[in-house]
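Peer 1: Sequence:
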Amino acid sequence: MPEKLDIDSGTLLSDIERHFRVVAGPGAGKTHWLVNHIKHVVSRSKRLSPASRVACISYTNVAVNEIVTRLGSSATQVDASTIHSFLYRNVVRPYLHLLREGDGKPLVAFASVDGHDEHHPSYTIIDEWLRSIGQAKILQRAFKEQRDILKDKLCQLVWQRSGGGVWTLEPRKRDRMGKMLNTICTSANLIDYKRRYWSLGIVDHEDILYFAHRILEGHPLVCQCLSARYRYLFIDEFQDTLPIQTNVVQWLADAGTVVGVIGDAEQSIFGFLDAHPQHFLSFSLPDYLDMTMHHNRRSTRRIISILDRMRSDGLRQHCFRELDGQPVTVYIGDVDRSLAAIRTDLPPDAVLHVLTRKNRDAHRVRSAIAPGTVEPWESFYGADAERARFMEHVIAGTVLAKRGQISLAHREAARIIGRKGRVRKPLKCDTVLSDVHWKGIAVTVLQEFLTNHAAVFAGTLLEAYVRCGTCVTAAYPAVTLTAVKAGKFKAFAEATPYSHLAESVRLREEVRHVRTIHQAKGSEGDNIAVYFEDADRVRHITHSSTAPADEEKRLTYVALSRARNRLFLCIPMDVVINADELNALNLRVIDLRETQ
Numbered sequence: 065m066p067e068k069l070d071i072d073s074g075t076l077l078s079d080i081e082r083h084f085r086v087v088a089g090p091g092a093g094k095t096h097w098l099v100n101h102i103k104h105v106v107s108r109s110k111r112l113s114p115a116s117r118v119a120c121i122s123y124t125n126v127a128v129n130e131i132v133t134r135l136g137s138s139a140t141q142v143d144a145s146t147i148h149s150f151l152y153r154n155v156v157r158p159y160l161h162l163l164r165e166g167d168g169k170p171l172v173a174f175a176s177v178d179g180h181d182e183h184h185p186s187y188t189i190i191d192e193w194l195r196s197i198g199q200a201k202i203l204q205r206a207f208k209e210q211r212d213i214l215k216d217k218l219c220q221l222v223w224q225r226s227g228g229g230v231w232t233l234e235p236r237k238r239d240r241m242g243k244m245l246n247t248i249c250t251s252a253n254l255i256d257y258k259r260r261y262w263s264l265g266i267v268d269h270e271d272i273l274y275f276a277h278r279i280l281e282g283h284p285l286v287c288q289c290l291s292a293r294y295r296y297l298f299i300d301e302f303q304d305t306l307p308i309q310t311n312v313v314q315w316l317a318d319a320g321t322v323v324g325v326i327g328d329a330e331q332s333i334f335g336f337l338d339a340h341p342q343h344f345l346s347f348s349l350p351d352y353l354d355m356t357m358h359h360n361r362r363s364t365r366r367i368i369s370i371l372d373r374m375r376s377d378g379l380r381q382h383c384f385r386e387l388d389g390q391p392v393t394v395y396i397g398d399v400d401r402s403l404a405a406i407r408t409d410l411p412p413d414a415v416l417h418v419l420t421r422k423n424r425d426a427h428r429v430r431s432a433i434a435p436g437t438v439e440p441w442e443s444f445y446g447a448d449a450e451r452a453r454f455m456e457h458v459i460a461g462t463v464l465a466k467r468g469q470i471s472l473a474h475r476e477a478a479r480i481i482g483r484k485g486r487v488r489k490p491l492k493c494d495t496v497l498s499d500v501h502w503k504g505i506a507v508t509v510l511q512e513f514l515t516n517h518a519a520v521f522a523g524t525l526l527e528a529y530v531r532c533g534t535c536v537t538a539a540y541p542a543v544t545l546t547a548v549k550a551g552k553f554k555a556f557a558e559a560t561p562y563s564h565l566a567e568s569v570r571l572r573e574e575v576r577h578v579r580t581i582h583q584a585k586g587s588e589g590d591n592i593a594v595y596f597e598d599a600d601r602v603r604h605i606t607h608s609s610t611a612p613a614d615e616e617k618r619l620t621y622v623a624l625s626r627a628r629n630r631l632f633l634c635i636p637m638d639v640v641i642n643a644d645e646l647n648a649l650n651l652r653v654i655d656l657r658e659t660q
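Going by the working numbering, the sequence shown opens with residue 65, and the numbers climb by one from there.
Some hints could be false.
[To be verified] Here are the simulated DSSO-like cross-link-like pairs (lysine-lysine), alpha carbons at most 30 Å apart as the crow flies:
{"no.": "1", "residue 1": "Lys-237", "residue 2": "Lys-585"}
{"no.": "2", "residue 1": "Lys-422", "residue 2": "Lys-208"}
{"no.": "3", "residue 1": "Lys-554", "residue 2": "Lys-492"}
{"no.": "4", "residue 1": "Lys-466", "residue 2": "Lys-554"}
{"no.": "5", "residue 1": "Lys-208", "residue 2": "Lys-169"}
{"no.": "6", "residue 1": "Lys-215", "residue 2": "Lys-243"}
{"no.": "7", "residue 1": "Lys-503", "residue 2": "Lys-422"}
{"no.": "8", "residue 1": "Lys-489", "residue 2": "Lys-503"}
{"no.": "9", "residue 1": "Lys-103", "residue 2": "Lys-422"}
{"no.": "10", "residue 1": "Lys-549", "residue 2": "Lys-503"}
{"no.": "11", "residue 1": "Lys-208", "residue 2": "Lys-585"}
{"no.": "12", "residue 1": "Lys-237", "residue 2": "Lys-201"}
{"no.": "13", "residue 1": "Lys-103", "residue 2": "Lys-585"}
{"no.": "14", "residue 1": "Lys-422", "residue 2": "Lys-215"}
{"no.": "15", "residue 1": "Lys-489", "residue 2": "Lys-215"}
For the record, the hints were derived by calculation from the structure and aren't laboratory data.
These numbers come from a predicted model, not from an experiment.
Can you make the complete structure from the sequences, with help from the hints?
Peer 2: Spelled out as structure tokens, the structure:
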């Protein structure tokens with residue numbers, strides 16, 4: 065049985081050589097505790113040497129950057145990264161050559177691998193693949209809808225491993241597929257599809273987890289070397305860990321690495337990625353410490369009382385701020401009227417963050433806040449997918465740079481260049497670019513768009529695209545951008561304001577004021593409004609239960625727990641609710657239907 069211990073964000077462990085699990089609810093100060101624990105380990109450990117380090121894994125690049133900043137001088141002995149970056153840098157990149165086909169040939173053209181990215185289907189490869197598996201029929205004009213669905217499914221392929229150790233590759237979701245696509249998307253066919261990219265040295269995020277698992281499982285010496293390098297491994301947000309990652313953690317612990325995980329099963333909301341709270345709940349290593357943090361340093365008592373009611377594990381949080389705060393307020397009515405009423409209840413300079421379950425609801429809220437707002441990216445990709453992807457990287461990089469996230473901005477802008485210095489359409493270049501050149505192109509584009517931001521923002525997409533090509537060629541004459549000719553892209557680009565694209569561009573580290581609950585994970589705000597799209601979400605609050613919460617209830621919990629001072633619930637007028645149940649929870653209910 066593990067030793068159980070209650071701690072707070074200032075607790076330092078006397079024994080740093082024991083595995084541990086920390087259960088920490090929202091606002092508990094777990095990042096503060098984790099950073100202090102790492103500093104404590106760095107200063108006291110007798111197992112660290114100039115050649116060994118502490119590994120710290122977090123879920124997002126923003127969280128990683130925050131940890132590195134807080135570590136200060138201790139960061140020199142710590143490798144902080146996402147799980148994909150950690151496994152790519154330490155396992156896949158140096159040992160990918162170990163993976164072989166049955167005939168002894170390399171599984172991947174490992175010498176050509178240069179990083180990993182989201183999967184971007186190639187029309188040429190899709191065409192060749194479909195013909196090779198006898199499915200050329202779908203290439204006919206009559207099957208355009210099925211081709212679009214197929215491309216979407218190919219963007220979201222996931223590796224799964226059976227209990228018997230057999231690997232399969234499947235679409236993340238099999239909705240909308242039908243007989244034709246189900247016939248095409250067998251595991252054998254999809255692995256054949258992936259191999260075509262591997263032969264070019266192109267790998268994606270999902271491949272990194274798959275390759276790392278196979279390397280570590282098939283070559284125990286690699287795991288021992290990794291354990292010798294990383295004497296301590298600490299993982300934040302462990303409730304969002306995937307089964308493949310859980311196995312890697314177990315192997316490193318068996319090899320001698322001290323493992324510590326921090327998380328909260330009630331905040332596990334990435335089931336669509338195969339994450340499950342059970343991975344955290346069932347965590348077990350020999351003689352491990354099982355610790356719980358009870359404080360909530362973020363929210364007021366009134367907000368915490370609602371959160372405690374929703375938990376199924378019995379954890380009750382204490383308000384560190386010792387502040388009752390304002391009542392949680394429920395608005396019933398059209399979302400535009402609800403948000404207008406909320407703003408009148410806040411100081412003029414207050415920032416209001418609005419969270420929704422689905423993207424379409426986020427779009428609806430943005431339109432309510434700013435009538436006439438459009439979501440143009442789907443149309444852009446429909447007009448010209450290559451140019452849309454190119455401009456999405458440019459615009460996202462510019463938005464991040466404007467917000468001061470320079471490192472992320474440069475990384476985003478650099479994605480306009482292909483791998484190994486080979487440019488990707490719509491860029492054209494007959495030579496291979498050096499690292500200095502492709503990084504320089506990213507800086508050139510960002511500098512141009514930041515220096516002339518007012519003019520770019522006030523112009524059209526076409527003007528921004530032309531400006532991009534002009535500045536790149538001026539700095540690097542060998543690189544050009546495909547000229548614009550009459551067609552769907554030109555018509556779309558002339559009619560679309562750049563501002564519409566900038567205001568709705570998808571960011572990897574989403575920080576807009578209106579966003580989905582998934583995008584808001586890990587963030588907080590003084591004033592949070594949560595859009596309840598149906599009666600089930602209301603019941604998550606009114607009907608407490610000790611049964612394990614389903615993912616939708618956990619999503620509601622995560623959304624409400626983002627609030628520091630003020631929490632507002634926006635319920636559309638067509639959702640049937642029982643106001644008495646809300647009043648019984650000491651919620652302030654304002655029915656805007658009565659004033660219409």
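Peer 1: Could you check the structure against the hints above and give me the numbers of any it violates, in ascending order?
Peer 2: Numbers 5, 7, 9 and 11, in rising order.
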